[in-house]
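> Chains A and B, in that order, are what the protein sequence lines are. Residue 1 is where the first sequence starts when you use my numbering, and the numbers rise one by one after that. Residue 1 is where the second sequence starts when you use my numbering, and the numbers rise one by one after that.
Among the clues, some could well be false.
[To be verified] Some, not all, of what chain B presents toward chain A, calculated at C-beta under 7 Å:
(1) L43
(2) Y48
(3) E52
(4) D56
(5) F65
(6) E100
(7) G104
Calculated directly from the structure, the hints in this document are not laboratory data. All of these numbers come straight from a predicted model, not from anything done at the bench. We put the beta carbon where it would ideally sit given N, CA and C, even for glycine.
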Amino acid sequence: SQELEQSPQSLIVQEGKNLTINCTSSKTLYGLYWYKQKYGEGLIFLMMLQKGGEEKSHEKITAKLDEKKQQSSLHITASQPSHAGIYLCGADNRDDKIIFGKGTRLHILP
Amino acid sequence: NAGVMQNPRHLVRRRGQEARLRCSPMKGHSHVYWYRQLPEEGLKFMVYLQKENIIDESGMPKERFSAEFPKEGPSILRIQQVVRGDSAAYFCASSQGIGELFFGEGSRLTVL
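Next comes chain B alone, as it looks inside the complex:
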């Protein structure tokens, strides 16, 4: 009964590099959500995906950020040309579509 799995748990990138964060939802869940948490801040919604579809990306920055949830494999949050302001904890959550979200342990990105 594996929960939501995120990797890597910690990622260090230099400015201008790319960051890829992966999320495998709980078994049987087809709804994936990405949130960002800045130090001393709450969770900010970024994007909601179902298999092969982006349902709501109203919280995604317009540039450099993209997300996908392919038919096979994990959901990926991709940040291109990272800047120091991208340093944060990125949390993935999954659900069956109704009810509570199940969260992963998060991926902590540090941009040098």
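Okay, chain A solo, but in the shape it has when bound:
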């Protein structure tokens, strides 16, 4: 079955610093989703990547998909307190459902 490994599991970053979160799949990725979850709340869709080499940006968040490596990375530039939360990657295996990783817990120090 599909497994998604996210690293790091948790991250503490000084406000203003850049950071990167990685997501590695054990199987071929047909689509990769990034969501953000604020503690105790639901998930907010960030981006969807489908093609190898694809890169998307939303405000200060950029995500890339390396299809050959079955990997995606999420990069936040000049982090702010509002970026704190849990970042989850989800994989589309073309079997009707999205499987999620365990998430990366991001804390921003003021």
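Take the given structure of chain A and dock chain B to it, following the hints.
Just chain B, lined up with the frame of chain A:
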């Protein structure tokens, strides 16, 4: 433009009781997914339904758990004879069948 609505947001049950969680998908969405999130864990897929049909229930425990999505009304996740290990946040998501999932705020079940 209501999003995915889940209720109740919080539910407390004693061991052995039944828990019913409801999910109304976004308008126009006919695909519903249920996920479970344990403390400090990621989202675990449970079941995928379309109207009146269970498409994939590979993540559902074999006993005590059931899900439905009737022709009319919300999707319901039912847990019979709850145990402490069922305490978790249960998230519902909906989609049009392709593209991203839209998630509800979750229902947090606490079993005493």
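> Please go over all the hints and tell whether each is borne out by the structure.
Evaluated hints:
1. Because the beta carbon of L43 of chain B sits about 4 Å from the nearest beta carbon in chain A, less than 7 Å, this interface hint is met.
2. Restraint check, Y48 of chain B versus chain A: the minimum CB separation of about 5 Å is within 7 Å; hint holds.
3. The beta carbon of E52 of chain B comes no nearer than 16 Å to any beta carbon in chain A, farther than 7 Å, and the hint placing it at the interface is violated.
4. For the restraint placing D56 of chain B at the interface with chain A, the shortest Cβ-Cβ distance is roughly 5 Å, inside the 7 Å limit, so the hint holds.
5. Hint on F65 of chain B is violated. Least Cβ distance to chain A is approximately 16 Å, over the 7 Å limit.
6. For the restraint placing E100 of chain B at the interface with chain A, the shortest Cβ-Cβ distance is roughly 5 Å, inside the 7 Å limit, so the hint holds.
7. Proximity of G104 of chain B to chain A holds as hinted, the smallest CB-CB distance being about 6 Å (cut-off 7 Å).
Checked against the numbered hints above, the structure breaks hints 3, 5 and satisfies the rest.
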